[in-house]
Amino acid sequence: EDQVTQSPEALRLQEGESSSLNCSYTVSGLRGLFWYRQDPGKGPEFLFTLYSAGEEKEKERLKATLTKKESFLHITAPKPEDSATYLCAVQAEETSGSRLTFGEGTQLTVNP
Amino acid sequence: DTEVTQTPKHLVMGMTNKKSLKCEQHMGHRAMYWYKQKAKKPPELMFVYSYEKLSINESVPSRFSPECPNSSLLNLHLHALQPEDSALYLCASSQLALAGAYEQYFGPGTRLTVT
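Chains as they are written, first to last, in our numbering: chain A, 1 to 112; chain B, 1 to 115.
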């Protein structure tokens, strides 16, 4: 069974204090790993897709990396507007219909 | 444009009402999804439509009835719901491929309250 575990559950940072969020996964074969950002009461916003170990993608203060067992979302010099829940999801090779397995998310709070 | 729209934004309904949620996308995506999300939990897949045909039903109770009238529209018909069905209902869409993975784009959601 595919599993995704995110840590920590919650993270509080001061503005400018860089950190990383972790997503560990167990799948029969990885087709893709996705990062989303979700603000309270809104739909998840797509951030990155990673396909293979060693791949990295960047967008503004965010950088996502992938190994064979986990992915990291690095946040450099965060701002209060980066406060949100960050969701990681995987799609396995044996998955039909583009089914995603989500982690429970990391709730990030950035204080000014 | 990566926008998925959903209406209404909020819905309050009694347990005997019939209502519908609507979703629309104009990205040419041929896969569309309904998710249910409870507070502080990740989205939970309900239905998947591929090329306007229902391809996945995650054992959802029959009081939820999906419909895909065309490649851009997705509806969720609601009837005789229970208070525990109160949640944020999300629509999403993506490209389809035999192999490879494509990101899903989510709408803003409909906040449903069943009284």
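Note that these hints are calculated values from the structure, not bench results.
None of these values were measured; they are calculated from a predicted model.
The reader is advised that the hints may include incorrect statements.
Derived pair list, reagent style DSS-like, types lysine-lysine, alpha-carbon separation capped at 25 Å [to be verified]: (1) A:Lys69 x B:Lys41; (2) B:Lys18 x A:Lys68; (3) B:Lys53 x A:Lys79; (4) A:Lys42 x A:Lys69; (5) A:Lys57 x A:Lys68; (6) B:Lys9 x B:Lys41; (7) A:Lys57 x B:Lys18; (8) B:Lys53 x B:Lys41; (9) B:Lys40 x A:Lys42; (10) B:Lys41 x A:Lys42; (11) A:Lys57 x B:Lys36; (12) B:Lys53 x B:Lys18; (13) B:Lys40 x B:Lys9; (14) B:Lys53 x B:Lys22; (15) B:Lys19 x B:Lys38; (16) B:Lys36 x B:Lys53; (17) B:Lys36 x B:Lys22; (18) A:Lys42 x A:Lys59; (19) B:Lys36 x B:Lys18; (20) B:Lys22 x A:Lys57; (21) B:Lys36 x B:Lys19; (22) A:Lys63 x A:Lys42; (23) B:Lys22 x B:Lys40; (24) B:Lys41 x B:Lys22; (25) B:Lys9 x A:Lys42; (26) A:Lys79 x A:Lys69.
Now the hints, each set against the structure:
1. A:Lys69 x B:Lys41: Within the cut-off at roughly 23 Å; holds.
2. B:Lys18 x A:Lys68: Not satisfied, since the Cα-Cα distance of roughly 47 Å exceeds 25 Å.
3. B:Lys53 x A:Lys79: 43 Å, violated
4. A:Lys42 x A:Lys69: Cα-Cα ~29 Å, so violated.
5. A:Lys57 x A:Lys68: With Cα atoms ~16 Å apart, A:Lys57 and A:Lys68 stay inside 25 Å; holds.
6. B:Lys9 x B:Lys41: 20 Å, holds
7. A:Lys57 x B:Lys18: 45 Å, violated
8. B:Lys53 x B:Lys41: 28 Å, violated
9. B:Lys40 x A:Lys42: 12 Å, holds
10. B:Lys41 x A:Lys42: With Cα atoms ~13 Å apart, B:Lys41 and A:Lys42 stay inside 25 Å; holds.
11. A:Lys57 x B:Lys36: 29 Å, violated
12. B:Lys53 x B:Lys18: 23 Å, holds
13. B:Lys40 x B:Lys9: Holds, at about 19 Å.
14. B:Lys53 x B:Lys22: Answer holds: B:Lys53 to B:Lys22 is near 17 Å, not above 25 Å.
15. B:Lys19 x B:Lys38: 20 Å, holds
16. B:Lys36 x B:Lys53: 20 Å, holds
17. B:Lys36 x B:Lys22: The given pair, whose Cα atoms are some 14 Å apart, holds under the 25 Å limit.
18. A:Lys42 x A:Lys59: Answer holds: A:Lys42 to A:Lys59 is near 21 Å, not above 25 Å.
19. B:Lys36 x B:Lys18: With a Cα-Cα distance of about 18 Å, the restraint between B:Lys36 and B:Lys18 holds, given a limit of 25 Å.
20. B:Lys22 x A:Lys57: 34 Å, violated
21. B:Lys36 x B:Lys19: 16 Å, holds
22. A:Lys63 x A:Lys42: 23 Å, holds
23. B:Lys22 x B:Lys40: 24 Å, holds
24. B:Lys41 x B:Lys22: 23 Å, holds
25. B:Lys9 x A:Lys42: At roughly 10 Å apart (the allowed maximum being 25 Å), A:Lys42 and B:Lys9 satisfy the hint.
26. A:Lys79 x A:Lys69: 29 Å, violated
Checked against the numbered hints given earlier, the structure breaks hints 2, 3, 4, 7, 8, 11, 20, 26 and satisfies all the rest.
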